[in-house]
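**Q** Chain by chain, the residues run as shown.
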Amino acid sequence: MALKGNLRDFSTTQLLNLINLARKTGTLTIQSNGEVANMSFQEGKLIYAHLGAERENYLAQFLHNAGKLSKEQADIIETRVQGKSDKQIGRLLIQAGHVTQSDIIQSVRQNILNVVYKLFTWVEGLFRFEANQLPPPTLITIPIDLESVIMEGSRRLQEWEILQEELPDLDVSLRFTERPDARLRNINLTVEEWKVISLIDPRNSMRKIAQANNLSDFEIRRIIYGMLQAGLVTLVQQPAKPRQQPIQAGESPRRKRAKAAPPTESLATRRSMVERIMDRIRGL
Amino acid sequence: MQAAKMVITGPFSSGKTEFIGAVSEIDVVSTERKITSSAEQIKETTTVAMDFGRITVGDDLVLYLFGTPGQRRFDFMWDILSQGMLGFVVMVDSTKPETFREAKRILETFEGYASTPYVVAANKQDMEDAWEPEDLRIILRLRPEVKILPCVATDKETVKNVLLELLYSILEELDKEESAQHN
Ligand SMILES: Nc1nc2c(ncn2[C@@H]2O[C@H](COP(=O)(O)OP(=O)(O)OP(=O)(O)O)[C@@H](O)[C@H]2O)c(=O)[nH]1
Ligand SMILES: [Mg+2]
Chain P
457 MALKGNLRDF STTQLLNLIN LARKTGTLTI QSNGEVANMS FQEGKLIYAH
507 LGAERENYLA QFLHNAGKLS KEQADIIETR VQGKSDKQIG RLLIQAGHVT
557 QSDIIQSVRQ NILNVVYKLF TWVEGLFRFE ANQLPPPTLI TIPIDLESVI
607 MEGSRRLQEW EILQEELPDL DVSLRFTERP DARLRNINLT VEEWKVISLI
657 DPRNSMRKIA QANNLSDFEI RRIIYGMLQA GLVTLVQQPA KPRQQPIQAG
707 ESPRRKRAKA APPTESLATR RSMVERIMDR IRGL
Chain W
52 MQAAKMVITG PFSSGKTEFI GAVSEIDVVS TERKITSSAE QIKETTTVAM
102 DFGRITVGDD LVLYLFGTPG QRRFDFMWDI LSQGMLGFVV MVDSTKPETF
152 REAKRILETF EGYASTPYVV AANKQDMEDA WEPEDLRIIL RLRPEVKILP
202 CVATDKETVK NVLLELLYSI LEELDKEESA QHN
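Chains as they are written, first to last, in the working numbering: chain P, 457 to 740; chain W, 52 to 234.
Please keep in mind that the hints were generated in silico from the structure rather than gathered at the bench. Take the hints with a grain of salt, since some may be wrong.
Claimed, not checked - Here are the simulated EDC-like pairs of lysine to aspartate or glutamate, each with C-alpha atoms no more than 16 Å apart in a straight line:
hint: 1; chain 1: W; residue 1: Lys155; chain 2: P; residue 2: Asp625
hint: 2; chain 1: W; residue 1: Lys155; chain 2: P; residue 2: Glu621
hint: 3; chain 1: P; residue 1: Lys460; chain 2: W; residue 2: Glu179
hint: 4; chain 1: W; residue 1: Lys155; chain 2: P; residue 2: Glu731
hint: 5; chain 1: P; residue 1: Lys460; chain 2: W; residue 2: Glu76
hint: 6; chain 1: P; residue 1: Lys480; chain 2: W; residue 2: Glu185
hint: 7; chain 1: P; residue 1: Lys460; chain 2: W; residue 2: Glu149
hint: 8; chain 1: P; residue 1: Lys460; chain 2: W; residue 2: Asp180
hint: 9; chain 1: W; residue 1: Lys211; chain 2: W; residue 2: Asp126
hint: 10; chain 1: P; residue 1: Lys524; chain 2: P; residue 2: Asp559
hint: 11; chain 1: P; residue 1: Lys480; chain 2: W; residue 2: Glu183
hint: 12; chain 1: P; residue 1: Lys460; chain 2: W; residue 2: Glu183
hint: 13; chain 1: P; residue 1: Lys651; chain 2: P; residue 2: Glu634
hint: 14; chain 1: W; residue 1: Lys211; chain 2: P; residue 2: Glu731
Unchecked claim - Chain W stretches covered by chain P per the calculated footprint, using a threshold of three residues with CB under 8 Å from any CB of chain P:
hint: 15; stretch: 63-71
hint: 16; stretch: 169-181
hint: 17; stretch: 208-215
Stated by the list, open to error - Label-pair restraints from in silico Cβ distances:
hint: 18; chain 1: P; residue 1: Arg641; chain 2: W; residue 2: Asp126; range: 42 to 50 Å
hint: 19; chain 1: P; residue 1: Leu590; chain 2: W; residue 2: Tyr219; range: 37 to 45 Å
hint: 20; chain 1: W; residue 1: Glu76; chain 2: P; residue 2: Ser654; range: 20 to 28 Å
hint: 21; chain 1: P; residue 1: Ser654; chain 2: W; residue 2: Thr107; range: 16 to 24 Å
hint: 22; chain 1: P; residue 1: Arg736; chain 2: W; residue 2: Ile131; range: 41 to 49 Å
hint: 23; chain 1: W; residue 1: Asp110; chain 2: P; residue 2: Glu499; range: 51 to 59 Å
hint: 24; chain 1: P; residue 1: Pro599; chain 2: W; residue 2: Leu222; range: 42 to 50 Å
hint: 25; chain 1: W; residue 1: Ile131; chain 2: P; residue 2: Arg641; range: 49 to 57 Å
hint: 26; chain 1: P; residue 1: Thr690; chain 2: W; residue 2: Arg156; range: 15 to 23 Å
hint: 27; chain 1: P; residue 1: Thr633; chain 2: W; residue 2: Lys227; range: 17 to 25 Å
hint: 28; chain 1: W; residue 1: Glu149; chain 2: P; residue 2: Glu731; range: 38 to 46 Å
hint: 29; chain 1: W; residue 1: Glu149; chain 2: P; residue 2: Val628; range: 20 to 28 Å
hint: 30; chain 1: P; residue 1: Lys651; chain 2: W; residue 2: Glu149; range: 31 to 39 Å
Note that CB positions come from ideal geometry on N, CA and C, so glycine has one too.
Same shape as in the complex, but just chain P:
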């Protein structure tokens, strides 16, 4: 089934959060301003990302971008290795002693992250997720945890409007999700974010945390938004407004005054009413 829409309606962080939580496997394609980006995921981990036209191989370019090969070296390799896959090129380069395996892993990883971080600046564009579609096995893929990517992405968020919509109420408080320790271990947090983390408590509203740390409304929203999307914290449900005197159901349409079931009725009576309604609906 479909997973498509426009980035106008979702932030990239939201999409990544979805893919992460649902442990999705497949490829997300985003088109914006004539540019096309592809990101592939395996069981909720980012394994590949690529911007622009498809090519046969990318590795030489990646290594050059990461400063592991000079421009000349990269160009020579690209002309000599026609028809070879990135995996094969990687093996050749390691054998020839030009680069190490960890150079390759780091440069591919860096390139994947650069693409994804660039996507965080896109505010519009059609996206589509193709489940189970993965990059060809000839490409080098690196599994990367999405939590840290999401935190980094939210640091780059500039849009006040998204945050305002997502976190309208600064008087709400937060609590940790289950096992935050395991998640925190994998994430690099800034000093400011750690300060916020240290104050996460259902008794502290976001406003309080912001005041204690001298953060603006925008900054606290941005930090909390990242933590929410990375699954570190959740909003604490606010108690409902005190119940107003219930008006009688069935009163608004002009018909015989009917008596609503007020909450003062005994539990047994309410239960029997609900059960009767259920029986009736089953028989419809």
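Model the placement of chain W with the ligands on the given structure of chain P, informed by the hints.
**A** This is chain W with the ligands only, laid out in the frame that chain P set:
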């Protein structure tokens, strides 16, 4: 005569009128108007005040289904409609991701009116572009105890299922109250 009430809410065009019509024994008393503003000209009519459906349970008990108007300028109706309700259904058009944020806003507003149970109906699951219920759960940031159910408002069985699941949640709530009383 005892009356019970449920509210069917959700963004513009999510299928509220269709949903009530699928199970109501009377023609939905609906206050539809032809749509004139071009922004919302994706269908012919919209509900302007509310929808109203009825299911007679017995001589002494009726269930009323109220549908909220879809357009924002009728928000003032929500508070009134929600008073005294047993529970509510939030309808979402699963094919329209541009309405998910609005659905979330409506859901939160209704949560604020009353602490009654509610379920989310991932409607229009018969269409190719429909998002899966579990993906909607994440996007709408539903708490784990809130049910999200696949729904096709034109298919009575799925509508019955949504209402039954809501009623189960209401029973569970009563169980909780009961055990709180005993403790
Ligand atoms: N395919 C399909 N179409 C549906 C479904 N539910 C509703 N529709 C159609 O979607 C359109 C909108 O449905 P309505 O019931 O008018 O929606 P509403 O929520 O009452 O709309 P407003 O009152 O304007 O907010 C209508 O054309 C319905 O026939 C569904 O499950 N599947
Ligand atoms: Mg309607």
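**Q** Looking only at beta-carbon atoms, does the pair Glu149(W), Glu731(P) fall within the given range of 38 to 46 Å?
**A** Once the Cβ atoms are compared, 40 Å apart, the range 38 to 46 Å for Glu731(P) and Glu149(W) holds.
**Q** With respect to the beta-carbon atoms only, verify the hint that Arg641(P) and Asp126(W) lie 42 to 50 Å apart.
**A** Cβ of Arg641(P) to Cβ of Asp126(W): about 44 Å, so the range 42 to 50 Å holds.
**Q** When you take the CB atoms of Thr690(P) and Arg156(W), is the distance between them in 15 to 23 Å?
**A** holds, 18 Å
**Q** Between the alpha carbons of Lys460(P) and Glu183(W), is the straight-line distance 16 Å or under?
**A** holds, 11 Å
**Q** For Lys155(W) and Glu621(P), compute the direct alpha-carbon distance and say whether it is at most 16 Å.
**A** Holds, at roughly 10 Å.
**Q** Go ahead and decide if the range 49 to 57 Å is satisfied by the Cβ distance of Ile131(W) to Arg641(P).
**A** holds, 50 Å
**Q** For the pair supplied as a hint, Lys155(W) and Glu731(P), is the alpha-carbon distance within the 16 Å limit?
**A** The given pair, whose Cα atoms are some 30 Å apart, is violated under the 16 Å limit.
**Q** Kindly confirm whether 41 to 49 Å is satisfied by the beta carbon distance between Arg736(P) and Ile131(W).
**A** 26 Å Cβ-Cβ, so the 41 to 49 Å window is violated.
**Q** For the pair supplied as a hint, Lys651(P) and Glu634(P), confirm whether the alpha-carbon distance does not exceed 16 Å.
**A** The given pair, whose Cα atoms are some 20 Å apart, is violated under the 16 Å limit.
**Q** Are Lys460(P) and Glu179(W) close enough, with their CA atoms no more than 16 Å apart?
**A** holds, 11 Å
**Q** Straight-line Cα separation of Lys460(P) and Glu76(W) no greater than 16 Å?
**A** Answer violated: Lys460(P) to Glu76(W) is near 37 Å, above 16 Å.
**Q** Keeping to a limit of 16 Å between CA atoms, is the pair of Lys460(P) and Asp180(W) held or broken?
**A** This hinted pair holds, its Cα atoms lying about 8 Å apart.
Hint compliance for this structure: hints 4, 5, 9, 13, 15, 20, 21, 22 are broken, all remaining hints hold.
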